[in-house]
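Trainee: For the record, the sequence lines run as chains R and Z.
Going by my numbering, the residue at position 250 of the first sequence is 363; the numbering climbs one at a time, nothing skipped.
Going by my numbering, the residue at position 207 of the second sequence is 320; the numbering climbs one at a time, nothing skipped.
In short, the hints are calculated from the structure, not lab data.
There could be a bad hint or two in this list.
The list that follows gives simulated cross-link-like pairs (lysine-lysine, BS3-like), each with its CA atoms no further than 27 Å apart [stated by the list, open to error]:
no., chain 1, residue 1, chain 2, residue 2
1, R, K861, R, K420
2, Z, K536, R, K139
3, Z, K536, R, K707
4, Z, K536, Z, K461
5, R, K712, Z, K665
Chain R is nowhere near these chain Z residues, computed Cβ spacing over 12 Å in every case [what the hints assert, rightly or not]:
no., residue
6, A187
7, Q274
8, C304
9, Y628
10, Q663
11, G816
12, R859
Using N, Cα and C, we set each Cβ at its ideal position, and we do this for glycine too.
Below, each chain spelled out in residue letters.
Number of protein chains: 2
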Amino acid sequence: MTTVAERKVIGKRATKVDALDRVTGKAVFGADFAMPGTLHGKVLRSPHPHAIIKKIDYSKALAVPGVKAVVTSADFPIAGAGTAGGELLINISDLRRLVVAEDKALFAGHPIAAVAATNPHIAEQALDLIQVDYEVLPPVENAIQGMQPQAPLLDSNRYTQSLGEKSSKPSNIATIHHLERGDVDKAFQECNVVIERRYETQMVHQGYIEPQACSALVDADGKITVWTTSQGSFNVKGQLVALLQLPQNMVKVVPLEIGGGFGGKIIVMLETLAVMLSKKSGRPVKMVMSREEVLKATGPGSPTYIKLKTGVKGDRLYAVEGEFIYDAGAFPGSPVGAGLNVALGPYKVENMRVKGYDVVTNKPRVQAYRAPGGTPAAYAMESQVDLMAEAMDMDPVEFRLRNGVQEGDLMANNQPFNRIGLKEVLERVKSHPSWNIPINGKYRGRGVASGFWTGAQLTSSAQVQVNADGTLSLMTGAVDLTGTRTTMQQICAEEFGVTPDKVHVSVGDTESVGYTDVSGGSRITYSMGTAVNRASQDAIAQMKQRAANQLKVNAEDIEFADGWFRVKGDPEKEVSFLELARTSRRGDGPIIGKGVVSKLAPAPEFAAHVVDVEVDPETGKVNVLNYTAFQDVGFAVNPTQVEGQMQGGASQGIGWALTEEYVWDKGILRNATLLDYRMPTALDLPMINTEIIEVPASDGPYGVRGVGEVPIVPPAGALANAVAKATGVRLYQLPMSPERVLKALRDKAKDKA
Amino acid sequence: MTTVAERKVIGKRATKVDALDRVTGKAVFGADFAMPGTLHGKVLRSPHPHAIIKKIDYSKALAVPGVKAVVTSADFPIAGAGTAGGELLINISDLRRLVVAEDKALFAGHPIAAVAATNPHIAEQALDLIQVDYEVLPPVENAIQGMQPQAPLLDSNRYTQSLGEKSSKPSNIATIHHLERGDVDKAFQECNVVIERRYETQMVHQGYIEPQACSALVDADGKITVWTTSQGSFNVKGQLVALLQLPQNMVKVVPLEIGGGFGGKIIVMLETLAVMLSKKSGRPVKMVMSREEVLKATGPGSPTYIKLKTGVKGDRLYAVEGEFIYDAGAFPGSPVGAGLNVALGPYKVENMRVKGYDVVTNKPRVQAYRAPGGTPAAYAMESQVDLMAEAMDMDPVEFRLRNGVQEGDLMANNQPFNRIGLKEVLERVKSHPSWNIPINGKYRGRGVASGFWTGAQLTSSAQVQVNADGTLSLMTGAVDLTGTRTTMQQICAEEFGVTPDKVHVSVGDTESVGYTDVSGGSRITYSMGTAVNRASQDAIAQMKQRAANQLKVNAEDIEFADGWFRVKGDPEKEVSFLELARTSRRGDGPIIGKGVVSKLAPAPEFAAHVVDVEVDPETGKVNVLNYTAFQDVGFAVNPTQVEGQMQGGASQGIGWALTEEYVWDKGILRNATLLDYRMPTALDLPMINTEIIEVPASDGPYGVRGVGEVPIVPPAGALANAVAKATGVRLYQLPMSPERVLKALRDKAKDKA
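Could you put together the complete structure from these sequences and hints?
Mentor: In structure tokens, the structure reads:
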């Protein structure tokens, strides 16, 4: 391993290895893959948000020429125990009901049946011929309603889990999380400032460009192969194995190129149906979602209701009491637990009592969305922090610095932080022009917010083959969402001391490479980067042993540098990398380095964003003037991509804060197109400036931290704080859309009048 | 590893894992694979066996709507040095000229250009529009003609290599091999019996059912993926890398199911053209040969002319003098060297002087065909042996036993044999009813012949993943020609102590698994079987270490049996295989065992076949009445498949002996269909009886020997000996077709008259 000063490849800007294939249209995404004889599958979805399914008759659909199979819930085995999903876990029995409704339709868009036909048009026509008798029920439209005792029940067998106890009556509240520390009631009495507010956020979608798509083939002996665009091939395999109750070696998942995931492509939806349609028809089956299906029936981010009471004693954030209600959609598993951690993570708080509610409603079941649960939680907490700083007439950055966590401080879950860079991030903000150059003009304001994300580690596997010409073929098990192939190429090149073009990187299928968890949780560069380092070092160690045999010394006497294996202290005795590579086939056999990582310490991510806005008092529109994202990235292997992650996360956070929301009408989604569901475009955003801070992580070979998620955490808080500064009005609901801002401005004017 | 007595899976009959997929049509062979947007490639072939290519004008072809690319030799880089091919080696520069003709067409069928179009019909039509100006030259029609000083030269830069010297003049004789031992001239003077004869055999084809087929895609960044039905993915990759002068990590080869190879699917033909067409067109390109192309322009087996003079002193085969002339077709590389070894291998001969000639002619360049070069050589030698036994009035089996080699005796190449089973095979014949029950009736006769094949070892790689549910996913780099996936499944199951259904086997592409040489040379069960054993043991060793950590002992104190890892001497301390498998992902990470084999001792194969025939004196047709194949297989992992190999090899040998031959008319093949090129059908053959003898090989974990090739070695000799016994007439030419036999009978009648 090279020292920091000697690094030749990592830390340098590198072009994405997949760029050319993507821009020339050669990359094979989910919808591009096809096999001869492929059938096309389409899904019949419930028009009702809540209904009992009394009967399904698909005989007429099956009689349509070209229709080869129809599946319903009756075709699937009864689900066993366990959970699935790489980020937000879901019970297998719930997953089965999410994939295709059993006795009840639980959201408008819930799959009821699927048809495979010789072309997609026939399949769609056949859907119309499936007769479903529904008994329509009143829907649970939101979590607050769902928590009422008289609310309709989604599942009469669902009981609340709280502090290890099960409720006596069924409920739409699946779980209540508790965090408690110190004596909160006494602490509030000691505080000089106490602020209590309620916040509300809406359901939003990850907005990945590529709709879900997959193909499946069941062989004559029952072996299943699935080609899919997902965030984790092994994860897809695991879910299919659990749902279909198969031996693990009977399912192979081949990853295709992926056009964005952000947490929304972890749970199998189409895959399970495609497999069953292939099994019934004996043909390969391909399924591709429409954009409407993506918005209506995949997994958006949770809507939330957050109540926070915070107290300051002297200049210390001394007490926090909170209630976080997260809407999980049709099945439990919202990211409320992560939300609590994100809200409280950046602050030393001696006394806290926080409850989190995971509540089911008649909406699509939520999935992970970049730092799942973090954006609404930070929006609430960072708004509170500004309110407190304001009440104390203190600079908001200074308040954050004084109360910010450092190594050794406790996380909300009472685990101590290892090395972290929040202080360094905030110090950089404090001294940075984006924070210091005055902002002038009416209806203009500047806001700041911190952000925290623990980051995941999980399991990663990589292998590197040394080819006979000295080139390297690197394979990892991790789907490349964000450019991680390029990062892995850099790491491998660094370890072997070659230029990156000597390393070809590919993502293996589930039979070609070792078990690897989902690409998510900002974990790949950290965890897989360590695995690639280990795989490279393993191959080098094998080559050292061969060099030692050839030079008749011990392997520990060999050092590797600049393409040569030399005897330490006797550099005349040497054998080249290329020579060992060349003779590998017929000599001692192929050289394949293996790297596995399953245990790494957390490498927490901290960020702070500073934003300047101008609010149009006529329309309520918030214009983003300047935006700077500060982030401790540990070590930036490829600064260009790190900046891209910071910019992308900020952009998505801005959308969540200002324009994006699901619009509901009695449980029916009314804006299921990208025209009406309004994500920010390039025209809506300024250049997002980036400031990289590098405080090395405690573990792993290069000090790398994950970088992908934390940039979506601060934007809503920072924008709410900026809007408050610009207008004197604070918004307690997201998105801060023109109508909400205008209403707030008018309400304020009314109050004054 | 289990002891022989404890073996539960290997040594038992097992059903082929791929059987169901094959019989239901689900297996994806070369012609089944397709990608969206695929173009179809077709090849323009020379109508002349020998011609100078003066000019190629493909402008009209390129102008045809739907035609996307045309390639000729001019599109390929100048070839570098080196050789390629897993069995019969070929110079890279010759391979380049074989793939597509440069300045000369060297056989009728030689590729001149290739066209890719949106459908195969357009591509074929476009071929007609390519204008080629030929200067037609007289062809070299056979090796005897080619060796004449006045013969036309295929290549004026080709000189004869002999005893390390290069001839002064160019020649069609590429190489002269020499084997010399003792004092041959003196030895013959001491002999009581000396017999000298000439033998001739014709060009024959392997007759695999599936024609060559492949698809190729060149990505935007130049990365090449080839899907092909070949005997070795790494071999294809190596040839493409050499021909196209690319880094090894820029070529990925994905093996498809293969419908027979027998040595004929080792050299890239279509693949190179498909890659270049894809590169020029920017689209995937698929190419599939017709049967006519397969027969005319792939790689058949060498025609031969063999002269043998053998002498017996006492009852010892004392002296051999020989001249083996093998026709290589258009480029050097016939299996004449192997032929010498096969002929002389089974016999202790103190004095020998044998020359082998590798001669080029205007025919398709020959390729390996099951025990390459062995069948004609053994036909000649085994005929001589019977002639000698007859001259001495000795039983032919007895003569073979007395002169047969045993451990320590020298091969023709002067290397000593390790443990071999020729003696055991011949003893079994001697005591077997097929040899002892009298054969009665006019025109009926019984023949016997021995066969020998060294077998290859080369490099093999395998890996086995232990899944979390305890099932196993085994991947090898070896294309499955003969059922080796099933054999590998058995070996893996044996090592883990599970039933075979717990092991799923797949063949990896060149990036998923370690370098593995071609499937050929009877090497897979021996070499890859050892690799699978090692991979399994590697995984078990990793699990022992984990068990030891858990039980707080040393790994060497752990023993594995019956699904449990137990502390030796303290069996109460145990952890189950399943528990370790389950916790593998999040605990110590995935368990992947790796097995590599690159150095194994030879495991020579010996066989003897006994055949009863009846000759129809009216037509000359030879009917095979009974056939029994005896073979030392070392250890039969799957006896059903071993028998299948013995039967298949015998059947092909019978075809070679009795009916198969290329019929030439001035360098043009006149029987390029399977109606006219007559392979034996089920109606032509009796049940081939098999007698398995198990003399364990010296090396490898189970005593396994390769079994695939030696069964094709004895048939022609055994049949010639049987026909001689049945008719009193010996045939010195193959095939012993009705017309040749009838002529021989009539010539004999004339002689008598």
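Trainee: Now tell me if each hint is right for this structure.
Mentor: Each hint, compared with the structure:
{"no.": "1", "hint": "R/K861 to R/K420", "verdict": "holds, 22 Å"}
{"no.": "2", "hint": "Z/K536 to R/K139", "verdict": "violated, 61 Å"}
{"no.": "3", "hint": "Z/K536 to R/K707", "verdict": "violated, 46 Å"}
{"no.": "4", "hint": "Z/K536 to Z/K461", "verdict": "holds, 12 Å"}
{"no.": "5", "hint": "R/K712 to Z/K665", "verdict": "holds, 20 Å"}
{"no.": "6", "hint": "A187", "verdict": "holds, 26 Å"}
{"no.": "7", "hint": "Q274", "verdict": "holds, 23 Å"}
{"no.": "8", "hint": "C304", "verdict": "holds, 42 Å"}
{"no.": "9", "hint": "Y628", "verdict": "violated, 4 Å"}
{"no.": "10", "hint": "Q663", "verdict": "holds, 15 Å"}
{"no.": "11", "hint": "G816", "verdict": "holds, 22 Å"}
{"no.": "12", "hint": "R859", "verdict": "holds, 54 Å"}
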